[in-house]
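Visitor: Residues per chain, in single letters:
There are 2 protein chains.
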Amino acid sequence: MTKKITIAIDAMGGENAPDKTIEGVGLFINKFNNKKDYTLNLFGDEKKIKEKLEKYKINNNNIIITHTDSVVSDKETPITAVKNSKNTSMWNCIKSQLDGDSDISLSAGNTGVLLVISRMILKMMDDVSKPALAGLWPNKLGTNIVLDLGANIECTEQNLIDFAELGSALYKSLFPEDKANVSLLNVGSEEIKGTELLKNTSKKLAELSNENNFIFKGYIEGNEIMSGKSNVIVTDGFTGNIALKTAEGTAKFITDNLKKSLKENLFSKISIIFSYFSLKKFQKKLDPRKYNGAIFLGLNGPVVKSHGGIDSLGFYHSIDLCYKIVKGNLMAQIKNNLSHLKNGKG
Amino acid sequence: MTKKITIAIDAMGGENAPDKTIEGVGLFINKFNNKKDYTLNLFGDEKKIKEKLEKYKINNNNIIITHTDSVVSDKETPITAVKNSKNTSMWNCIKSQLDGDSDISLSAGNTGVLLVISRMILKMMDDVSKPALAGLWPNKLGTNIVLDLGANIECTEQNLIDFAELGSALYKSLFPEDKANVSLLNVGSEEIKGTELLKNTSKKLAELSNENNFIFKGYIEGNEIMSGKSNVIVTDGFTGNIALKTAEGTAKFITDNLKKSLKENLFSKISIIFSYFSLKKFQKKLDPRKYNGAIFLGLNGPVVKSHGGIDSLGFYHSIDLCYKIVKGNLMAQIKNNLSHLKNGKG
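Chains A and B, in that order, are what the protein sequence lines are. So the first sequence is residues 1129 to 1474, counted in the working numbering. So the second sequence is residues 1129 to 1474, counted in the working numbering.
Accuracy of the hints is not assured; some may be wrong.
It does not matter which identical chain is used: a pair holds within one copy or between any two.
[Said to hold, decoys possible] Once the Cα atoms are required to be at most 20 Å apart in a straight line, the calculated DMTMM-like pairs of lysine to aspartate or glutamate come out as: (1) Lys1357 - Glu1339; (2) Lys1268 - Glu1376; (3) Lys1321 - Asp1202; (4) Lys1408 - Asp1384; (5) Lys1412 - Asp1384; (6) Lys1452 - Asp1306; (7) Lys1380 - Asp1415; (8) Lys1388 - Asp1415; (9) Lys1357 - Asp1384; (10) Lys1203 - Glu1319; (11) Lys1203 - Glu1318; (12) Lys1163 - Asp1448; (13) Lys1409 - Asp1384; (14) Lys1176 - Glu1151.
No lab work stands behind these hints, which were simulated from the structure alone.
Could you put together the complete structure from these sequences and hints?
Guide: What follows is the structure, given as structure tokens:
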């Protein structure tokens, strides 16, 4: 028998916890009702968790509950959290990874605190200069990865190179059939464009490019993030965060306007009846809940951050993401990539 | 009689010139057929321009043509252009501003060359540390301005403060009834977020904030660029370019998917008949051609860059933008804002 995939879940993190987190657990268990290759380790108020498990009639064969009294508050800052977050559901969730009881952690709680205590408990991997936050984006051909999304506001050449290795490993663990194509986000695709830092990083990535780890495709511009040209897009945390949020804002602006237009008169309302299934499919394809879950990479174990205000379907997608990451052997892929980087450096 | 608004147009710049540029001139003239308060100074091959004026049956009462033999090639770089671009249609277009024959210049030609020769001919304004490229974005309440979109890859505190002054002046010249609300693009809205540069700039902008020049609203995140919370959004050229292109790419991705969904089966095709006018209105509201034209600010005269591949309607919108900028007294607004900045500095 192969080892089970163990996912540690902070049942109390996020605006709608534990109701939506547990309902999300239920969706995951129902989808995988034939599988027995995983365990969900839930951390939080045992009484409340059990109530919700009952409410949603969830089969608890694959669930282990570990009671914790306290929860990280939304008001906690990364600085105060170090003192105040010990033995919270989030802390114990990540701690279970250190103890070898879980392969990955998931929380929808306070992002800043999650990053700080993950780093404190799990520690950084040898040979990684800085950890990064990676996100999944839809593109024309499927899904790609963008990192860093905000863990590091300022980055060095070495940080960006590490992100390329970490991101490629993540991509290969999620899409084992596919190759990782890395691009560097820049303001133009020509070699002379961008900062000195980007030019130097680009040269180094071109040297490291190979079929086994990643293929470097050069620069990519903002309008091509979703073109499918590349599946691992590397940038510093400031730029990545601005790009992510600008894309979110643009998507919201367009879909709000579309909804308004389709409801403005009788004819357009009738049209919704005829296009109902097509519009549903359109909506489903671009549903941001499918891409819920940013992955914190570069520590001695992966940590996934779900959006704080997410509903049960979005939280389900985060659990599913955790499952795929472990099944795809992310940590082994990272170690393999980093050794290549080390050899490439020497 | 008040002085006429004079717009210098590079008739030969852009992929579809002079056909689409002249057709755009025709659209502008038809719209303003009762007005006599402007002159369009067209620069380029006189024979070709006249052919197109005839083709589109354009009334040429408000047109002056200045013949130029050569055109800036798309292959020209900012470095080679200095030597090779003299007496091209683009060069003579901007030169007419220096000579006092035009109030503003418009070209759809090579961007890098346009920025370099504009700066060379018109020179920077006193008290402006670096010129910036500003763009118009749709938002929930109307239109806002984002700058810099790529003229300056790296910026200092003083550059960003200048951009706030230049952008507010542009906003007030385009929307004279409205106040300019400035925000600084950042990765969070809390004071502790972002780089030291942004923190220092934010403090300075808060000190300079006043009803007459601009009101500083603090930080803004990428997802709020189109929320209407602010109408002048300031950032460095690297971040601005990434945000602009990411928004373009996201919009394209969503609308492509929507079109595909609405054409996938008979029912959805029927729905288009019913929603035709609503979808047209939706499309019209978000039509990127309405926002065609980036404004180069900080020189002794404004220069507008139209998208290179634009059609006649998009080029018309750029001419209209030039008209509004001059009518709204942009240069006087900038001088007024900069004197405030100077006093604020001292």
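Visitor: Take the hints in turn and mark each one as holding or not.
Guide: How the hints compare with the structure:
no., hint, in the structure
1, Lys1357 - Glu1339, "within (17 Å within a copy, 47 Å between copies)"
2, Lys1268 - Glu1376, "both (17 Å within a copy, 15 Å between copies)"
3, Lys1321 - Asp1202, "between (41 Å within a copy, 17 Å between copies)"
4, Lys1408 - Asp1384, "both (15 Å within a copy, 15 Å between copies)"
5, Lys1412 - Asp1384, "both (16 Å within a copy, 15 Å between copies)"
6, Lys1452 - Asp1306, "within (14 Å within a copy, 52 Å between copies)"
7, Lys1380 - Asp1415, "both (11 Å within a copy, 16 Å between copies)"
8, Lys1388 - Asp1415, "both (18 Å within a copy, 16 Å between copies)"
9, Lys1357 - Asp1384, "between (28 Å within a copy, 16 Å between copies)"
10, Lys1203 - Glu1319, "between (45 Å within a copy, 15 Å between copies)"
11, Lys1203 - Glu1318, "between (45 Å within a copy, 13 Å between copies)"
12, Lys1163 - Asp1448, "within (13 Å within a copy, 64 Å between copies)"
13, Lys1409 - Asp1384, "both (17 Å within a copy, 14 Å between copies)"
14, Lys1176 - Glu1151, "within (13 Å within a copy, 69 Å between copies)"
Of the numbered hints given earlier, the model fails none.
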